[in-house]
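Undergrad: For chain A, the structure is supplied; the task is to place chain B on it using the hints.
Taken in order, these protein sequences are the chains called A and B. The first sequence runs 1 to 341 under the working numbering. The second sequence runs 1 to 341 under the working numbering.
It cannot be assumed that every hint is accurate.
Where chains are identical, the list cannot tell them apart; a pair therefore holds if satisfied intra-copy or between any two copies.
[Said to hold, decoys possible] Pairs of lysine-lysine residues, derived as DSS-like cross-links and limited to a Cα-Cα distance of at most 27 Å, are as follows:
| hint | residue 1 | residue 2 |
| --- | --- | --- |
| 1 | Lys102 | Lys290 |
| 2 | Lys193 | Lys103 |
| 3 | Lys317 | Lys294 |
| 4 | Lys193 | Lys341 |
| 5 | Lys203 | Lys193 |
| 6 | Lys290 | Lys167 |
| 7 | Lys290 | Lys216 |
What the hints contain is simulated information worked out from the structure, not anything from laboratory work.
2 protein chains.
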Amino acid sequence: MKVSITDIRSRCAAIFRAAGVSAPDAEIITEVLLETEMRGVFTHGFHRVPYYINCLQKGGIQPRSELTIVQDTPSRALADGEGGLGIILSYKAMQLAIEKAKKTGVGIVQLRGSHHFGAAGYYTGMCADEGLCGMAMSNGDVLVAATGSRERTIGNNPFSFAAPAGKYGKMVYDIAMSYSSDKKIIQMAKEGKPCPAGWIIDKDGNDTTDPAEYEKGGVLLPFGGYKGYGMAMMVETLAAALSGAAMTRDVHAWNVNPDQNGNVGHFFMAMDVTVPDFAARMEAMITEIKASEKAAGATEIFYPGEIEARKQAACLKDGMVDVADETLEAMAETEKSLHIK
Amino acid sequence: MKVSITDIRSRCAAIFRAAGVSAPDAEIITEVLLETEMRGVFTHGFHRVPYYINCLQKGGIQPRSELTIVQDTPSRALADGEGGLGIILSYKAMQLAIEKAKKTGVGIVQLRGSHHFGAAGYYTGMCADEGLCGMAMSNGDVLVAATGSRERTIGNNPFSFAAPAGKYGKMVYDIAMSYSSDKKIIQMAKEGKPCPAGWIIDKDGNDTTDPAEYEKGGVLLPFGGYKGYGMAMMVETLAAALSGAAMTRDVHAWNVNPDQNGNVGHFFMAMDVTVPDFAARMEAMITEIKASEKAAGATEIFYPGEIEARKQAACLKDGMVDVADETLEAMAETEKSLHIK
Numbered sequence: 001m002k003v004s005i006t007d008i009r010s011r012c013a014a015i016f017r018a019a020g021v022s023a024p025d026a027e028i029i030t031e032v033l034l035e036t037e038m039r040g041v042f043t044h045g046f047h048r049v050p051y052y053i054n055c056l057q058k059g060g061i062q063p064r065s066e067l068t069i070v071q072d073t074p075s076r077a078l079a080d081g082e083g084g085l086g087i088i089l090s091y092k093a094m095q096l097a098i099e100k101a102k103k104t105g106v107g108i109v110q111l112r113g114s115h116h117f118g119a120a121g122y123y124t125g126m127c128a129d130e131g132l133c134g135m136a137m138s139n140g141d142v143l144v145a146a147t148g149s150r151e152r153t154i155g156n157n158p159f160s161f162a163a164p165a166g167k168y169g170k171m172v173y174d175i176a177m178s179y180s181s182d183k184k185i186i187q188m189a190k191e192g193k194p195c196p197a198g199w200i201i202d203k204d205g206n207d208t209t210d211p212a213e214y215e216k217g218g219v220l221l222p223f224g225g226y227k228g229y230g231m232a233m234m235v236e237t238l239a240a241a242l243s244g245a246a247m248t249r250d251v252h253a254w255n256v257n258p259d260q261n262g263n264v265g266h267f268f269m270a271m272d273v274t275v276p277d278f279a280a281r282m283e284a285m286i287t288e289i290k291a292s293e294k295a296a297g298a299t300e301i302f303y304p305g306e307i308e309a310r311k312q313a314a315c316l317k318d319g320m321v322d323v324a325d326e327t328l329e330a331m332a333e334t335e336k337s338l339h340i341k
Numbered sequence: 001m002k003v004s005i006t007d008i009r010s011r012c013a014a015i016f017r018a019a020g021v022s023a024p025d026a027e028i029i030t031e032v033l034l035e036t037e038m039r040g041v042f043t044h045g046f047h048r049v050p051y052y053i054n055c056l057q058k059g060g061i062q063p064r065s066e067l068t069i070v071q072d073t074p075s076r077a078l079a080d081g082e083g084g085l086g087i088i089l090s091y092k093a094m095q096l097a098i099e100k101a102k103k104t105g106v107g108i109v110q111l112r113g114s115h116h117f118g119a120a121g122y123y124t125g126m127c128a129d130e131g132l133c134g135m136a137m138s139n140g141d142v143l144v145a146a147t148g149s150r151e152r153t154i155g156n157n158p159f160s161f162a163a164p165a166g167k168y169g170k171m172v173y174d175i176a177m178s179y180s181s182d183k184k185i186i187q188m189a190k191e192g193k194p195c196p197a198g199w200i201i202d203k204d205g206n207d208t209t210d211p212a213e214y215e216k217g218g219v220l221l222p223f224g225g226y227k228g229y230g231m232a233m234m235v236e237t238l239a240a241a242l243s244g245a246a247m248t249r250d251v252h253a254w255n256v257n258p259d260q261n262g263n264v265g266h267f268f269m270a271m272d273v274t275v276p277d278f279a280a281r282m283e284a285m286i287t288e289i290k291a292s293e294k295a296a297g298a299t300e301i302f303y304p305g306e307i308e309a310r311k312q313a314a315c316l317k318d319g320m321v322d323v324a325d326e327t328l329e330a331m332a333e334t335e336k337s338l339h340i341k
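Extracted from the complex, chain A is given alone in its bound form (with noise of 0.2 Å):
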């Protein structure tokens, strides 16, 4: 249903403020959330709602979400969340980095004992929105397959990665290690529908296309086979290895765990530019792949970002957001929870 950007906002915040977040910190997480729905991204955006605050009310997340400062220097810091709120840990650990990025042309914030962090290019884009380019990534409870492998062995690590693009606004790319959400292959077995070749395995290990044997034991599949199972373990490495949060199968589900801390890793860079063309770099190659022949069947060729450009603009244009009804229906029941209204 379309609501008012104005009342979801304000909604969501006294939600986060009810549940014993700050009202600084619950603007934060509410302006993330809202960004990422109005972008299209559903999966992470006011859907987590109750998520977050069941695990507020059972202690897995604390409201407090400050960044403890372990090591620090001129273009790098290590920060522990101290099981915080992981998108407002995550906002606050960008904004370091963007903060010495812009001093000494380089800044990385590694943050552990965080938790699920939503977008990672919400983070990405912050840079972008300052002239920089950026990284975010985050490691996960497991959910993917490794290559060779029939056991949920790596998670499904989000990574992004945004610069600045003159008139087109951000580059911002932004994926997950397996093929398609578990969400989405879910989705899929109850409708009755096949899931293409390749996305999962059942729970020994065969190659199949149904997708009923997910919840049967099966794992999904890596992106691009070996390539996205390697990616996951860089994602692994620079979030949780170097910043000493819970590796693999250590990390709380933080939805199937709710009163445990997750301890989640994270890792941000953000980069000035250091030509002054920059912006004019970006819009030339952006104009020549958009322009390039089109393959059948295609409409047009997008940059990374494009799409979700597109639907965050109407949104802001109409004043309103896209929210599934079942999302309205549980934040509803949230703040029956929390003695909202």
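TA: This is chain B only, laid out in the frame that chain A set:
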């Protein structure tokens, strides 16, 4: 044919010296090519020697391969290779990045005016050998279709990440953006074999499993669909847009235009490790993943770079490296053209 490492090393170095490369630089490029060959990455090993020499002879590559520093700060540098040999320039650029990382925690060196840089994993491996994490990227001449395009719109931009891994030596992730190299597809066409669905499209942008369509104007597809395409855009941005190198169609195919400076761009990053038990953490992660239950048909689960490391170790034990007969013949031809022997 198996040849002695000592012999092939001195032959290769002599070739580069005869083409005007300084003795120390000839040693650098020889070591990089030798290690790449030992690791089984034949496409980027000695096979390339005649191509590089051809470019040196035709003027598209300059024998002098020194970094001209354009910008320099404690954690960043931008350098111009002024048309030198990509491998030698890249080795020097990563050395500089490592130096900066050892002083400030992170070192980024961007390089323009370079050329084909060989195997990206060599440079990140240099970082891992020094106890650091590393990233390396390069753009290249257009070979891969953007998602929705039927043209060669973007380079097959290599990306590598490496980290020290305790008793496992180093983890080296090293990929290009297509499912398969063009060489492999051309070989399949010669053998009359079909290629897997999703690897290429024909000249009209239709999916095809006939590898012969590739040389009729077909195009390589990015691995994992839009995820690989977006990664190619990230590499193009960091390696080229950010360094001032040529971008997309302005990059000269180094083996098609041997008389023209490719003006290829690269991005190198070295980072020190911030937790004291990093090596132990990497070991634990890799041990756990390798021990996970194997899928049907899998004999072992490998970490990125493990297969290559085993090949290299076997060569070093033997003192011999297996070089394709046609590569050895091409090297002999090159020696003849340079009046060696």
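Undergrad: For every hint, state whether the structure bears it out.
TA: Cross-check of the supplied hints:
no., hint, result
1, Lys102 x Lys290, "neither (31 Å within a copy, 41 Å between copies)"
2, Lys193 x Lys103, "neither (53 Å within a copy, 56 Å between copies)"
3, Lys317 x Lys294, "neither (30 Å within a copy, 52 Å between copies)"
4, Lys193 x Lys341, "neither (42 Å within a copy, 68 Å between copies)"
5, Lys203 x Lys193, "within (19 Å within a copy, 32 Å between copies)"
6, Lys290 x Lys167, "within (14 Å within a copy, 47 Å between copies)"
7, Lys290 x Lys216, "between (42 Å within a copy, 23 Å between copies)"
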